[in-house]
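In case you want the letters, here they are:
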Amino acid sequence: MKSYREEIWFNCKKRIDFICITEQVGEILKKSEIKEGLCLVNSMHISSSVFINDNESGLHKDFEKWLEKLAPYEPISQYRHNDTGEDNADSHLKRTIMGREVVVAITKGELDFGLWEEIFYGEFDGLRKKRVLVKIIGE
Amino acid sequence: MKSYREEIWFNCKKRIDFICITEQVGEILKKSEIKEGLCLVNSMHISSSVFINDNESGLHKDFEKWLEKLAPYEPISQYRHNDTGEDNADSHLKRTIMGREVVVAITKGELDFGLWEEIFYGEFDGLRKKRVLVKIIGE
Amino acid sequence: MKSYREEIWFNCKKRIDFICITEQVGEILKKSEIKEGLCLVNSMHISSSVFINDNESGLHKDFEKWLEKLAPYEPISQYRHNDTGEDNADSHLKRTIMGREVVVAITKGELDFGLWEEIFYGEFDGLRKKRVLVKIIGE
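Quick note, the sequences are listed as chains B, X and G, same order.
Here the numbering used here = 1-based position in the first sequence + 69.
Here the numbering used here = 1-based position in the second sequence + 69.
Here the numbering used here = 1-based position in the third sequence + 69.
Simulated from the structure, these hints should not be mistaken for laboratory data.
There could be a bad hint or two in this list.
Because identical chains share one entry, a pair is satisfied inside a single copy or across any pair of copies.
Claimed, not checked - For lysine-lysine, the following BS3-like pairs were computed, each having C-alpha atoms within a straight-line distance of at most 27 Å:
no., residue 1, residue 2
1, Lys198, Lys177
2, Lys138, Lys199
3, Lys71, Lys177
4, Lys138, Lys71
5, Lys199, Lys177
6, Lys82, Lys134
7, Lys177, Lys104
8, Lys100, Lys199
9, Lys198, Lys83
Please model the entire structure based on the sequences and the hints provided.
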């Protein structure tokens with residue numbers, strides 16, 4: 070069994086952002102030389118996500134508006150987490166909806182995806198350096 | 070390390086549906102001849118889900134009503150994704166709540182499940198052909 | 070390829086509770102002697118979760134209040150699942166939001182975590198014995 074590990078770093082200029090990382094994960098997969106196996110891609114932070122969905126800008130606007138409705142940023146005082154001096158309780162909730170990680174099958178050296186599947190980094194508390202872990206195991 | 074891959078196809082006659090696929094995944098596991106490992110089961114589409122919960126028809130009605138409350142289909146015009154001519158933005162949101170994938174432990178050649186765990190395909194934009202990927206790695 | 074399996078048992082005295090299990094999972098990892106691989110941690114029940122977030126008590130209060138808003142316990146009669154004599158339909162929905170499982174990379178014999186990542190068991194229908202499965206594969 071082989072394994073390979075690499076990080077992808079981000080520094081989003083917006084508080085909330087969605088960044089397509091399919092190509093970067095595919096390049097890491099090539100470097101791994103793994104042909105059959107599983108690829109874990111996870112945020113290493115608790116206020117951001119990795120998820121799979123459509124690379125369509127209208128949908129990303131829908132996600133942002135929808136998450137704001139389900140887990141609003143304001144009023145900041147509604148969250149006990151923000152009593153610690155933080156203002157990012159909502160980002161922990163938003164990330165929970167969108168998910169921490171994806172696991173992708175590797176088949177014949179490729180990400181084994183359906184037609185519209187793309188991997189995204191979802192940032193909910195940006196303006197600082199953050200990273201995603203890619204861990205691949207297989208043969 | 071061994072690996073095995075198979076697809077399960079669907080053509081739901083309803084827009085929203087939940088289909089138990091535990092038995093089909095178990096049959097694929099037998100064909101794989103893998104005794105210890107991990108089994109990934111994921112939707113290959115971005116408007117449907119794979120998830121684990123209870124095989125109880127009342128609960129499935131609750132899921133459908135609850136998802137409609139959290140991510141309503143109508144009005145279609147509330148979603149920017151639907152400006153592309155689609156009407157399925159809500160199905161992308163519903164699938165996000167229910168999840169894209171599950172990872173199941175394989176132990177002694179069986180799906181290593183608790184008493185009530187069953188795997189479901191959750192369709193949120195049916196009336197067309199769709200598929201689920203089963204990828205098993207192990208020994 | 071090596072594999073290792075162990076269960077963690079709980080008997081929460083509250084209906085809803087969040088219990089940090091990072092240390093227990095780390096001890097199981099040591100026993101496995103696996104240095105590179107993937108670690109699956111999943112609830113074996115359909116009314117509880119395993120998830121990764123912040124070990125901060127204010128945030129856990131926020132999670133509890135937020136889940137109660139998104140999937141309220143009462144009125145019990147709003148859920149068809151409860152027609153079976155159960156009163157826990159809401160716990161199936163809450164667990165869906167929080168997730169069934171996490172997959173964690175194993176690197177150099179350690180859980181490959183970012184700074185604030187901690188694994189939690191999330192109970193939404195406590196006062197009974199329940200368990201979590203830890204399955205590790207790798208080398």
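Consistency of the hints with the structure:
Proximity of Lys198 to Lys177 under the C-alpha cut-off of 27 Å is restricted to the inter-copy arrangement: shortest distance 24 Å between copies versus 34 Å within a copy. Taking the shortest Cα distances, Lys138 and Lys199 sit within 27 Å of each other inside one copy (25 Å), while across copies they are farther apart (30 Å). Both within a single protomer and between protomers do Lys71 and Lys177 lie at most 27 Å apart by alpha-carbon distance, with minima of 15 Å and 13 Å respectively. Taking identical chains as interchangeable, the C-alpha atoms of Lys138 and Lys71 are never at most 27 Å apart, the minima being 44 Å within one chain and 45 Å between chains.
Proximity of Lys199 and Lys177 under a CA criterion of 27 Å is satisfied inter-copy only: 22 Å between copies versus 31 Å inside one chain copy. For the identical chains of this complex, Lys82 and Lys134 are intra-copy neighbours only, at 18 Å inside a copy versus 31 Å across copies, given an alpha-carbon limit of 27 Å. Both within a single protomer and between protomers do Lys177 and Lys104 lie at most 27 Å apart by alpha-carbon distance, with minima of 5 Å and 22 Å respectively. For a Cα distance limit of 27 Å, the shortest separation of Lys100 from Lys199 inside one copy, 22 Å, qualifies, whereas the shortest one across copies, 32 Å, does not.
For the homomeric pair Lys198 and Lys83, the shortest alpha-carbon distance inside one copy (12 Å) is at most 27 Å, but the shortest distance between copies (38 Å) is not.
In summary, the structure is inconsistent with hint 4 from the numbered list given earlier, while agreeing with all the others.
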